[in-house]
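So the protein sequences, as listed, match chains A and B.
Sequential numbering of the first sequence, starting at 0, is according to numbering that gives the first Met the number 0.
Sequential numbering of the second sequence, starting at 0, is according to numbering that gives the first Met the number 0.
Take these hints with a grain of salt, some might be off.
No more than 27 Å apart at the CA atoms, straight line, and that leaves these computed lysine-lysine pairs for DSS-like [unchecked claim]: (1) K214/A to K205/B; (2) K205/A to K205/B; (3) K205/A to K214/B.
Treat the hints as calculated values from the structure; they're not laboratory data.
These numbers were taken from a predicted model, which means no experiment stands behind them.
2 protein chains.
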Amino acid sequence: MSDQIDHIETHPEGLSESDYTLSRRDIAAILYAVDAQDQAKLLELMEPLHAADIADLLEQLNPYDRRRMVTLYGREFDGDILSELDEGLREDIIGVLHPDVLAEAVRELESDDVVDLVEDLDEPQQEAILDALEDADRVAVEQALSYPETSAGRLMQREVVVAPDHWTVGEAIDYLRSAEELPEQFYHVVLVDPRMHPKGNVTLGKLMSSRRSVKLTDIVEDVFQVFRVLQDEADVAYAFNQYHLISAPVVDEDDRLVGVITIDDAMTVLDEEHEEDILRLAGVGEEASLTDTIYEAAKGRALWLFVNLLTAILASLVIDLFAETINQMVALAVLMPIVASMGGNAGTQTMTVTVRALATRDLTAQNAARVVLREVSVGALNGVIFGGLMALVVAVWFGVPMLAAVIALAMLGTQVAAALGGIVIPMALDRAGIDPALASGPFVTTVTDVVGFFAFLGLAASVLM
Amino acid sequence: MSDQIDHIETHPEGLSESDYTLSRRDIAAILYAVDAQDQAKLLELMEPLHAADIADLLEQLNPYDRRRMVTLYGREFDGDILSELDEGLREDIIGVLHPDVLAEAVRELESDDVVDLVEDLDEPQQEAILDALEDADRVAVEQALSYPETSAGRLMQREVVVAPDHWTVGEAIDYLRSAEELPEQFYHVVLVDPRMHPKGNVTLGKLMSSRRSVKLTDIVEDVFQVFRVLQDEADVAYAFNQYHLISAPVVDEDDRLVGVITIDDAMTVLDEEHEEDILRLAGVGEEASLTDTIYEAAKGRALWLFVNLLTAILASLVIDLFAETINQMVALAVLMPIVASMGGNAGTQTMTVTVRALATRDLTAQNAARVVLREVSVGALNGVIFGGLMALVVAVWFGVPMLAAVIALAMLGTQVAAALGGIVIPMALDRAGIDPALASGPFVTTVTDVVGFFAFLGLAASVLM
Numbered sequence: 000m001s002d003q004i005d006h007i008e009t010h011p012e013g014l015s016e017s018d019y020t021l022s023r024r025d026i027a028a029i030l031y032a033v034d035a036q037d038q039a040k041l042l043e044l045m046e047p048l049h050a051a052d053i054a055d056l057l058e059q060l061n062p063y064d065r066r067r068m069v070t071l072y073g074r075e076f077d078g079d080i081l082s083e084l085d086e087g088l089r090e091d092i093i094g095v096l097h098p099d100v101l102a103e104a105v106r107e108l109e110s111d112d113v114v115d116l117v118e119d120l121d122e123p124q125q126e127a128i129l130d131a132l133e134d135a136d137r138v139a140v141e142q143a144l145s146y147p148e149t150s151a152g153r154l155m156q157r158e159v160v161v162a163p164d165h166w167t168v169g170e171a172i173d174y175l176r177s178a179e180e181l182p183e184q185f186y187h188v189v190l191v192d193p194r195m196h197p198k199g200n201v202t203l204g205k206l207m208s209s210r211r212s213v214k215l216t217d218i219v220e221d222v223f224q225v226f227r228v229l230q231d232e233a234d235v236a237y238a239f240n241q242y243h244l245i246s247a248p249v250v251d252e253d254d255r256l257v258g259v260i261t262i263d264d265a266m267t268v269l270d271e272e273h274e275e276d277i278l279r280l281a282g283v284g285e286e287a288s289l290t291d292t293i294y295e296a297a298k299g300r301a302l303w304l305f306v307n308l309l310t311a312i313l314a315s316l317v318i319d320l321f322a323e324t325i326n327q328m329v330a331l332a333v334l335m336p337i338v339a340s341m342g343g344n345a346g347t348q349t350m351t352v353t354v355r356a357l358a359t360r361d362l363t364a365q366n367a368a369r370v371v372l373r374e375v376s377v378g379a380l381n382g383v384i385f386g387g388l389m390a391l392v393v394a395v396w397f398g399v400p401m402l403a404a405v406i407a408l409a410m411l412g413t414q415v416a417a418a419l420g421g422i423v424i425p426m427a428l429d430r431a432g433i434d435p436a437l438a439s440g441p442f443v444t445t446v447t448d449v450v451g452f453f454a455f456l457g458l459a460a461s462v463l464m
Numbered sequence: 000m001s002d003q004i005d006h007i008e009t010h011p012e013g014l015s016e017s018d019y020t021l022s023r024r025d026i027a028a029i030l031y032a033v034d035a036q037d038q039a040k041l042l043e044l045m046e047p048l049h050a051a052d053i054a055d056l057l058e059q060l061n062p063y064d065r066r067r068m069v070t071l072y073g074r075e076f077d078g079d080i081l082s083e084l085d086e087g088l089r090e091d092i093i094g095v096l097h098p099d100v101l102a103e104a105v106r107e108l109e110s111d112d113v114v115d116l117v118e119d120l121d122e123p124q125q126e127a128i129l130d131a132l133e134d135a136d137r138v139a140v141e142q143a144l145s146y147p148e149t150s151a152g153r154l155m156q157r158e159v160v161v162a163p164d165h166w167t168v169g170e171a172i173d174y175l176r177s178a179e180e181l182p183e184q185f186y187h188v189v190l191v192d193p194r195m196h197p198k199g200n201v202t203l204g205k206l207m208s209s210r211r212s213v214k215l216t217d218i219v220e221d222v223f224q225v226f227r228v229l230q231d232e233a234d235v236a237y238a239f240n241q242y243h244l245i246s247a248p249v250v251d252e253d254d255r256l257v258g259v260i261t262i263d264d265a266m267t268v269l270d271e272e273h274e275e276d277i278l279r280l281a282g283v284g285e286e287a288s289l290t291d292t293i294y295e296a297a298k299g300r301a302l303w304l305f306v307n308l309l310t311a312i313l314a315s316l317v318i319d320l321f322a323e324t325i326n327q328m329v330a331l332a333v334l335m336p337i338v339a340s341m342g343g344n345a346g347t348q349t350m351t352v353t354v355r356a357l358a359t360r361d362l363t364a365q366n367a368a369r370v371v372l373r374e375v376s377v378g379a380l381n382g383v384i385f386g387g388l389m390a391l392v393v394a395v396w397f398g399v400p401m402l403a404a405v406i407a408l409a410m411l412g413t414q415v416a417a418a419l420g421g422i423v424i425p426m427a428l429d430r431a432g433i434d435p436a437l438a439s440g441p442f443v444t445t446v447t448d449v450v451g452f453f454a455f456l457g458l459a460a461s462v463l464m
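Isolated chain A (complex conformation):
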């Protein structure tokens, strides 16, 4: 049987080493097989690919080729491919799959993967998948679905390896070696007391290397975190990252062990949280993915554009106040976007640092005052530097010394306002329970635009006119 191992390669066949993406040639070969309706060839080309790579491939095809490929792939379609697929595409693919193929694909999956798969589906598709499961699995999935969407209860797997906390290493090893069925992947034996309260984690490595007479309680890991089923998955991901956890038990309201969360689940959550932060900071709807339709993508971005339109109009009203001033000196119209643009950029910088610091919990009540002071100082320092620089440019360009002084002062004021807005607004939103990544942008831009135009045009009106 050693040839089973011989064909394992350093990298999955067909993937280039450098970037783990399929080459154009491989994709062309696959599409050719689909065109020719050559099922044998398609299966041969797909065989070495990981489910995650097949899912990526499907995401990159156009809808027509995608459906044809899934249909031709037929019985070989794997449940793992569905799990790896972008959420936006799952309904589409499930709709194309033959009910028998779907049932078989779903039955191969572990219960937490099924939960992840069905939670975003429409009612009828959800039913179809639940019906395909065996009774025990169906109950497990339905129970998981009864927990809130981003809770530890949704994230955990039910399969846990436990041992009574009075056992020795020898007893635990004998139990494990005689156990009928163990989970596919597990890293710890969870020690429990008679009431199923988790008391500690023993790593398999430690178990392997300890004498049989050693008590399990003597080799538990130093760091031990327990999560409650209703705890938010963001907290779970944070704790995994902060305390370098590998797996951690989950307890119900009575502190009884009901499941375990492993680091790979936490990594997925962390990845999603980051994605959400980046997209929210840029004002892009959350579900944005390359497989969204034009209409979906436009809708996702329109909300932010609309809010931005309102703040831009507000800024215009400020300019309108000084229309007469601009009429007398058109150089003001030429220069004013510089003041606002520099303020907007500085505000975005501070806001991004603040949003990150709140997410990583580095910004707390303890250091808030000091950090605000630091940001304002940074704003003032850059305000002096860039205000000074711009004053030189204006003095040379327009030859009006007072105009140079006005733009320098306006830029300094705007930079300080940007720093203040960039840190105080996200902190206030966070304290009010609103995600600062989502809502800070429009407020900060409004502050920098309004202050920028008002300071520059207002100073100009009073000094130059």
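Fit chain B to the supplied structure of chain A, relying on the hints for placement.
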């Protein structure tokens, strides 16, 4: 010894359940002990805290309290705290620590943590730490440091559990149970051929649950990735995330096993990459953290502000071309920032989606044309919507129908240009080997500002004058 386990709590003592941060009261108690120079009290308060939480606490104190606390903490100062500390603070703390305390702290650490610790230090501090290590550890650390900074070689740990690929489960178990020393954490036994080429991974759980006579090659994991020492850590993190890896061997140029990378290292890299992306997209220097000094923070942001100043001046030059037009109709000055601002926002949205899709490798040569077309369509759709909306506003506000038509057309053009710039610029930078997160922003803003002002004022000049 079972009381060792009794004091393990669901959550580390002193941390609030909901957010894993120290309460103000606990921090006050710790600072009070420092003020009173009460070492016994300080040790008592710090004892239940995880090294990561102590590091966070140090980061939140002001420099004066921080140094006093480290000095009072004395001998108890742990190497793990140094590892968890923000890079910017390490030099400061190392400078405060007594050389003996530092030496002892460092000797407790695993070699890959020492590498992580020393790689960013100045030469003299680096020497001081290397000198504290035992010879074997020092060699290991120096060898790791000989690999490039973001390579798999730097990231891996040297301690690997290997077994010849002809062994049975029984032989492997006997070997593990008799081994002198096993790594603290390991998840797989790596099978190797006689030339030390890795051939497969066997999980400890599978080993535990298989009969003694089973060959190891028959129970290897399906998914098996091998990394080269010089491979970039970003590739490693991507592969861990894509293929749900737990640990993976690393080979040298001759394909011989030299180390192993585990999922917690990959999670850290993924976290850093995300952080970098978010900060780069906002034009904040990479090392930005709340412990940076005012000067460091200002410097980190000044580069981007300077680039932005240049693009803003460029946009002003465009406005200057139409100074005469503005002079005749000051409403243009009032309205032009709206066109540019809406374009800038749409450009940032598209750019962020593109940068993310490039990072997750969802945007490839295969679907590039289709995605560009989609983005342009989204831009056109939102351009029609918001151009139309703004035309209504202008018609009511200024009562000049032609001005309304001009702004609608200018906004449509700018939205399409923003979409095009937002996707084509990051793609071009990526193909040129430049990080699109770092450099796209200024280019995209330039495009949207220049196109926005030119389209609006140019149309106005030719239609309205």
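Here is how each hint holds up against the structure:
1. K214/A to K205/B: holds (23 Å)
2. K205/A to K205/B: At roughly 16 Å apart (the allowed maximum being 27 Å), K205/B and K205/A satisfy the hint.
3. K205/A to K214/B: Roughly 23 Å separates the two Cα atoms, so the pair holds.
The structure is consistent with each of the numbered hints, conforming to all of them.
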